[in-house]
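Asker: From first to last, the protein sequence lines are chains A and B.
For the first sequence, the residue numbers in UniProt numbering are 1 to 227.
For the second sequence, the residue numbers in UniProt numbering are 1 to 220.
Treat the hints with care, since some could be wrong.
To be verified - Chain A regions said to be covered by chain B (calculated; three or more residues, Cβ under 8 Å):
id, segment
1, 11-19
2, 60-66
3, 80-94
Rather than coming from a laboratory, the hints here were simulated on the basis of the structure.
Everything numeric in this text was worked out from a predicted model, so none of it was measured.
Here a beta-carbon is modelled for each residue, glycine too, at the ideal position from N, C-alpha and C.
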Amino acid sequence: MAVVKLFGAWTSPYFYRVIWALKLKGIPYECIEEDLLNKSPLLLQYNPVHKKIPVLVHDGKPICESTIIPQYIEEIWPQPSLLPSDPYERAMARFWIKFADDKLILLALSPSISKMYRASGEEQEKAVKYILEMLETMEDHGLIGGKKFFGGDKISMVDMAFGAVAHWLGVIEDAAGLKIFEAHKFPRLQSWIQNFKEVPIIKENLTDRDKMFALLKRRREMLLASK
Amino acid sequence: MAEEVKVFGAWGSPFSRRVELALQLKGVQYEYIEEDVHKNKSPLLLKYNPVHKKVPVLLHNGKPIAESLVILEYIEETWKGNPILPEDPYDRAMARFWAKFIDEKCLPAIWKAGWSPESEREKPVEEACECLKTLESALGGKRFFGGDKVGMVDIAANFIGYWLRLIQEVTGMELLSAEKFPELFKWTDEFVSCSVVKGSLPPRDKLLAFFKARIAETMD
């Protein structure tokens, strides 16, 4: 049987996108934790273009990008399916997956990217505004019709693409001393977050909140002190 | 029932031309609607793409799809002739990887290099060259990124295949040359000589005039 290996980092919502896909489909895999400040030669060999996690290695062949990997997984192991079967609905799913990918860059936790908890003043304000716009779009356009999940009744790759909003955003807010997501302003999103986190596989596979809070707080203090 | 396919696009946009190229490759009849994207977007466009308010939008039997790469995947799934994606799942993943790389890394880097004032050009050009070098490695000696035929990655790289050389002509910036990137340069020739591709490209003189006007604007 072909072996599945997954290179990742415990803090990364991108990593979890793939974990959720594998676990929802019951695919056994070996997890290799990467120290993002000291990447292994293997990772650099498997993802020479971006040098990032996650990387899935199936049968010795590497696949990169957390929105491309689940599509590969879906094609190799179609059940249970994580994309709609209707081509138009699939196009809608891909549209929102791309939107998630483009907008969530600010919630990425790699030291060089996240302005939310790293910056202060004007830079942070801009980042907050950007995130709010993203949340508004999700609320007004992505979740219209009172759907349980982005794709309807079943969890799909779209929900997993937005995983950072459901879990990581809150920790970042706390670490940065910000309040961006107010439940009463985003009722549909609030419902979605609850629905998403209640799915057993998701509930059991979320990064440790306290551990991450401590890490982000430490990082933020270091960064602000060095300015 | 007759199928209704419409494309909302802009004549100079590589993104909307991607959609037209894919439809033409598969022999799909469609109605084209030109949008004035700079000054006056139509209410229909804003209705069909409320999130981004951009072209291209594909309308298939009244249902709109936005984002050119998303549209390409939809076209591939809906009209099965002349496939633009490989059959093997791993190869498909690689095609998606390179199409994403083009959109997220190559195009922004090239755009930045192209429109930087000459005095500030060195670093952006260096970065753009890095991207092109990486992209060239994806060709791996093949005629097209898709192998013997034009595929999704070739379509996604249309800007590099055609628009880039015109920008170079107008700005004097040298990014893609036969000396620096022999394989990629050869690919651009193969790409534009392809009969279906040729028919999907904006007129050379019109595009050159557009770029020249843009430079004149930025100089003022």
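Asker: It remains to establish, for every hint, whether it holds in the given structure.
Answerer: Hint check:
For the segment 11-19 of chain A, the stated coverage by chain B is not satisfied: 0 residues place a CB nearer than 8 Å to a CB of that chain, which falls below the threshold of 3. Three residues within the 8 Å Cβ limit are the bar, and the segment 60-66 of chain A against chain B gives 4, so the coverage statement holds. Residues of the segment 80-94 of chain A lying with their CB closer than 8 Å to a CB of chain B number 6, which satisfies the three-residue condition for coverage.
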